[in-house]
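J.: Residues per chain are reported as follows:
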Amino acid sequence: MNADLVDLLREGLLETLYMVFWSSLFALLIGMVLGITLVVTEKGGLLESPKLSKVIGSIINGVRSLPFIILIVLLLPLSRLIVGTSLGPTAAIVSLSIGAAPFLARIIENSLKEVSAGKMEAAKSVGASPITIIFRVLIPEAMPALVRGVTIGIIGITEFTAVAGAIGAGGLGSLAIRFGYQRFREDVLIATVIIIILLVQVIQWSGDSIVKAIHKKRYKFE
Amino acid sequence: MVNIQSLTKSYKTPKGDIPVLQDIHLQIEKGDIFGIIGFSGAGKSTLIRCLNRLEEPDSGTIEIGGRVITDLAEKELRQARQKIGMIFQQFHLLDAKTVYQNVAFPLEVAGHPRPYIHQRVREIVDLVQLGDKENTYPSQLSGGQKQRVGIARALVNSPDLLLSDEATSALDPQTTYSILELLKEINRQLKLTIVLITHELDVLQHVCNNMAVIENGRIVETGSVEKFFLHPESDTAKRFVHIIDYYRDKRHVMEGVGAGI
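In order, the protein sequence lines correspond to chains A and B.
Numbered by full-length UniProt numbering, the letters in the first sequence go through residues 1 to 222 in order.
Numbered by full-length UniProt numbering, the letters in the second sequence go through residues 1 to 261 in order.
Do not rely on the hints blindly, as some may be mistaken.
[Said to hold, decoys possible] Derived lysine-lysine pairs resembling DSSO-like cross-links, with alpha carbons at most 30 Å apart:
{"#": "1", "chain 1": "A", "residue 1": "K43", "chain 2": "B", "residue 2": "K97"}
{"#": "2", "chain 1": "A", "residue 1": "K216", "chain 2": "B", "residue 2": "K15"}
{"#": "3", "chain 1": "A", "residue 1": "K43", "chain 2": "B", "residue 2": "K15"}
{"#": "4", "chain 1": "B", "residue 1": "K97", "chain 2": "A", "residue 2": "K113"}
{"#": "5", "chain 1": "A", "residue 1": "K217", "chain 2": "B", "residue 2": "K133"}
{"#": "6", "chain 1": "B", "residue 1": "K83", "chain 2": "B", "residue 2": "K97"}
{"#": "7", "chain 1": "B", "residue 1": "K75", "chain 2": "A", "residue 2": "K43"}
{"#": "8", "chain 1": "B", "residue 1": "K83", "chain 2": "A", "residue 2": "K113"}
{"#": "9", "chain 1": "A", "residue 1": "K54", "chain 2": "A", "residue 2": "K43"}
{"#": "10", "chain 1": "A", "residue 1": "K54", "chain 2": "B", "residue 2": "K97"}
Simulated from the structure, these hints should not be mistaken for laboratory data.
Using the sequences and the hints given, assemble the complete structure.
T.: If you want it as structure tokens, here you go:
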């Protein structure tokens with residue numbers, strides 16, 4: 001085992017965490033807005049507008065059909081524009097956020113659709129406005145499904161950061177490619193793989209714990 | 001209290017329009033418990049949902065407490081809905097909220113101050129006899145208790161009218177009876193007008209003063225509940241009453257009444 005291994009891994013892990021955190025946050029914000037819009041504008045929705053729903057749906061499908069590595073290349077100029085560079089973890093956050101947002105939007109859309117129309121009608125029947133229904137009924141009622149879905153999304157983003165590492169984003173993925181693959185450092189390769197596996201486990205476990213806590217609160221029997 | 005004139009509604013399908021309500025005229029007096037009875041698919045659910053415009057009628061007018069509901073713009077409609085309570089067959093409580101929060105929701109929507117909400121929710125939760133369940137979540141309640149929460153939510157903002165969309169159809173007979181008693185009590189105490197739809201004769205007989213029979217989207221008979229049972233005119237009413245007669249006759253035969261023994 002080489003002495004530099006720990007330093008390399010620590011740096012890689014920190015970069016990965018940095019990318020995952022910010023990309024997840026931005027992708028979640030964009031995905032939430034898109035997902036909610038999809039649900040409320042669809043036919044029979046709270047703010048029915050089939051045209052808007054179709055436009056957003058098509059954009060999401062368009063972005064999702066691009067392989068992620070190509071999307072990163074396409075978004076390089078945008079990264080340069082927003083953060084001033086097309087290299088490094090910060091630049092990757094731009095591509096990661098935009099690449100993952102449509103994926104999260106679909107997951108969020110599906111979670112929100114699980115809320116029964118009857119609950120929203122009940123809220124309508126007491127005179128609640130669409131905005132009130134979205135924030136006080138739709139989102140809280142869908143919360144367990146949302147957390148479960150977003151967990152899948154964040155794990156997806158973690159995978160994407162490794163891909164982004166291949167073209168200069170830094171992080172554990174880049175470590176595995178640059179050292180493990182190109183310089184035949186098997187110890188680095190194995191160590192990064194183990195860390196990524198652990199990282200994904202921790203994310204999944206956190207998501208599960210939150211869902212469990214919500215269920216325990218709402219569905220416990222005395 | 002409620003005045004419905006020439007109400008029509010049809011559902012649009014690719015194969016053409018299917019009429020669900022045809023030229024409905026109906027007057028409901030203040031303080032009445034009015035039952036609308038009909039078989040499945042007769043249009044009764046659509047009719048009651050038109051009253052607070054959860055369904056948009058195609059034409060006709062609905063007037064509730066002097067306000068023409070069918071003329072209201074979105075914002076006024078929301079205000080009007082605050083004074084029209086509604087309870088549902090499947091309760092439609094919010095699982096993410098406690099009993100207290102479910103009942104408080106309409107008051108928050110109406111923008112009442114917190115101390116008032118607190119006091120009012122207490123009052124109404126006591127009225128439906130769930131004072132000890134305030135901090136419980138709906139999933140921990142029985143069907144009857146859930147409907148009581150539904151009723152509390154519908155009543156908390158002191159509505160002028162209560163709509164009941166098959167509110168007891170998902171409950172067992174014992175619970176149905178207690179919910180009906182509660183509705184009667186509320187009608188008496190608060191002088192609240194109640195419109196309920198049902199396919200259960202028991203419900204009609206137990207709580208309603210007046211009724212309308214709906215058949216294929218048309219009102220075919222109106223009048224007192226007594227008239228419905230004594231002199232049924234419409235086909236639907238006769239079929240309903242026939243079921244009772246059948247069993248009464250059968251019992252008479254079995255017990256020997258009429259055989260002169």
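J.: Against each hint, give a clear statement of whether it holds in the structure.
T.: Hint check:
For the proposed pair K43 (chain A) and K97 (chain B), the alpha carbon gap of about 28 Å is at most 30 Å, so the pair holds. Simply put, K216 (chain A) and K15 (chain B) have alpha-carbon atoms about 48 Å apart, too far for the 30 Å limit, and the pair is violated. Restraint check for K43 (chain A) and K15 (chain B): the C-alpha separation of about 19 Å stays at or below 30 Å, so the hint holds. For the hint linking K97 (chain B) to K113 (chain A), the alpha-carbon distance of about 19 Å falls within 30 Å, and the restraint holds.
At most 30 Å may separate the alpha-carbon atoms for a hinted pair to count; K217 (chain A) and K133 (chain B) meet this at roughly 15 Å. A C-alpha spacing of about 22 Å is found between K83 (chain B) and K97 (chain B), which places the hinted pair at or below 30 Å, so the restraint holds. At roughly 21 Å between alpha-carbon atoms, K75 (chain B) and K43 (chain A) fall within 30 Å of each other, so this suggested pair holds. Straight-line distance between C-alpha atoms of K83 (chain B) and K113 (chain A) comes to about 29 Å, which keeps the hinted pair within the 30 Å bound.
Straight-line distance between C-alpha atoms of K54 (chain A) and K43 (chain A) comes to about 10 Å, which keeps the hinted pair within the 30 Å bound. For a cut-off of 30 Å, the pair hint linking K54 (chain A) to K97 (chain B) is broken: about 33 Å separates their Cα positions.
Violated hints for the displayed structure, listed by number in ascending order: 2 and 10.
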